[in-house]
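**Student:** Construct all of the structure, not just a fragment, from the sequences and the given hints.
Residue numbers in the sequence shown follow our numbering, run continuously in steps of one, and reach 249 at the last position.
Calculated directly from the structure, the hints in this document are not laboratory data.
All C-beta atoms, glycine included, are put in the ideal place defined by N, C-alpha and C.
You can trust all of the hints, since none of them are fake.
SDA-like, lysine to any residue: derived pairs with alpha carbons at most 20 Å apart: (1) Lys57 to Ala67; (2) Lys118 to Asp153; (3) Lys227 to Ser161; (4) Lys16 to Ala245; (5) Lys16 to Ala67; (6) Lys118 to Ile147; (7) Lys233 to Ile249; (8) Lys242 to Pro198; (9) Lys16 to Val134; (10) Lys242 to Gln31; (11) Lys7 to Leu84; (12) Lys230 to Leu176; (13) Lys229 to Leu193; (14) Lys229 to Glu194.
Pair by pair, the computed Cβ-Cβ distance ranges are: (15) Glu117 to Glu220: 11 to 21 Å; (16) Asn110 to Tyr29: 36 to 46 Å; (17) Asn217 to Thr151: 18 to 28 Å; (18) Tyr29 to Asp130: 17 to 27 Å; (19) Glu220 to Thr151: 13 to 23 Å; (20) Arg47 to Gly182: 14 to 24 Å; (21) Ser4 to Asn110: 16 to 26 Å; (22) Arg183 to Gly152: 14 to 24 Å; (23) Glu208 to Arg47: 35 to 45 Å; (24) Lys227 to Gly21: 15 to 25 Å; (25) Asn110 to Met207: 40 to 50 Å.
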Amino acid sequence: MSVYKIHPIVVGTKIFDKGMMTYQHGYGQPYTIPIYSWYLEGGDRKVLVDTGELKPIQSENREEAIGGKIHTFEEGLDRWGLKPENIDVVIHTHLHSDHCENDYKCTNAQIHVHEKELETIHAPHPLDFRYVEDFIFDVEGNGQIRKVTGDTEILPGISVVHTPAHTPGGMSVLIDTPEGRAVITGFCIILENLYPPREIRAMEMEVIPPGTHVNAYEAYDILLKTKKLAKIVLPLHEPKFAAMETI
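**Tutor:** See below:
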């Protein structure tokens, strides 16, 4: 069985209202999130989960806010001796633009995307402006896309589960590591979503749905389910990982 080390590479940031992460809570509070491309080191393939922003803003203020360095895609990969063309496999949690803007650089990669996410990026609902189909035209035209239709193993030690909390085709990624199974969530949350403060738990809420979701009730249940899938749960935009080389 293959096991992997998980390297979170910060390839962008966003500054917005915290309520974009924590549904019904934290509105009016400015909040900075890191955008990650996760390098899964192990096995005989070079694997990324998401590819991040094309032109990240690299500023001292943003780096201070997240507690870590912001890289371009090339800079981030170079830290691990890689170039975009070295990547064999990209797995997408979803296709909002900040998660796939560097796909076209990975010219030799198979790119795994849930079929519902592909449908959505070509015909998004007007409320969801985060899809930009231009970012997948090249890889789609090159035949690099691999449609995922259900929960499946991508490689030994790496599998995906359909978790449509944030988007219709969201996929959480299960990874076997030396410390046990880990899951990178297929929806945009921080640790607070999974482990709410006391005042939220006092309202009998075990989790907080993502601020942007397909259905709030279903998103709540999906977070509960995902939280139980693995020993190590990695929220997609948790700032504390920005300071870590390896999880």
